[in-house]
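Enquirer: Sequence:
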Amino acid sequence: MSAPTTDDKDDVLLACRYGELDELKQFVDRYGVPALVDVRDDNGNTVLHMVCANGHTALLDFLLPIVPGSLLSVQNTAGSTALHWAALNAQLGAARALVDFPDGPGIDLIDIKNNAGRSPLGEAEVAGWEEGARWMVEVMRLDDAGKPDEDEALPSGQDIEVEIQDADGQIAKMSLGASKPPPS
18 MSAPTTDDKD
28 DVLLACRYGE
38 LDELKQFVDR
48 YGVPALVDVR
58 DDNGNTVLHM
68 VCANGHTALL
78 DFLLPIVPGS
88 LLSVQNTAGS
98 TALHWAALNA
108 QLGAARALVD
118 FPDGPGIDLI
128 DIKNNAGRSP
138 LGEAEVAGWE
148 EGARWMVEVM
158 RLDDAGKPDE
168 DEALPSGQDI
178 EVEIQDADGQ
188 IAKMSLGASK
198 PPPS
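So the sequence shown is residues 18 to 201, counted in the numbering used here.
Please keep in mind that the hints were generated in silico from the structure rather than gathered at the bench. Zero decoy hints are in this set.
Only pairs whose alpha carbons sit at most 25 Å apart, straight line, appear in this in silico SDA-like list of lysine to any residue:
1) Lys130 with Gly61
2) Lys26 with Ala95
3) Lys130 with Val156
4) Lys26 with Leu88
5) Lys130 with Asn93
6) Lys26 with Ala75
7) Lys130 with Arg113
Pairwise CB distance ranges, derived in the manner of DEER restraints:
8) Ser19 with Ala144: 39 to 45 Å
9) Asp59 with Ala20: 16 to 22 Å
10) Met157 with Ala20: 39 to 45 Å
11) Tyr35 with Asp128: 28 to 34 Å
12) Thr94 with Glu155: 29 to 35 Å
13) Val45 with Ser90: 18 to 24 Å
14) Met18 with Leu38: 16 to 22 Å
15) Ser19 with Arg151: 43 to 49 Å
16) Val143 with Lys42: 34 to 40 Å
17) Pro82 with Met157: 23 to 29 Å
Think of the CB as a built atom: it goes at the ideal place given N, C-alpha and C, for glycine as much as any other residue.
Work out the full structure: start from the sequences and follow the hints.
Expert: Have a look at this one:
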């Protein structure tokens, strides 16, 4: 197979941006999947960035089975992944496809922070995309660090300190009483 020219690469990125599945397939037929995986624009955006920013789930259905799962977590020069772009543009179908893809990083994609320090959840919140932010919170794996085993009882009278960090890095602290308060 011959190597794609700069124009060929630009054309396939445009095909992904505008949802042109036939052009995408022609590129893969002519140059192969490895060439497609290597395509980047001047800002480091991959074909997945373009597809997800514009919600082209039919193209995702074609791409996900043929590209390596590692492509899902590739960050552009701003540190954003394709999931960041889906979140910025309120593309729930694309976001779900990325996170649910069995050969990809899964829900760990939600934790990747860009150069602005925001995860895809943070980008959804900044964009005011409540539906997407709510979905990401529902599928996230909450940290079990410091959580006692089910069989382990808490000592009587001991409080548990809990810290929760939101997408903007703000920390909320709360104390949960492990025992009943003394009678008054």
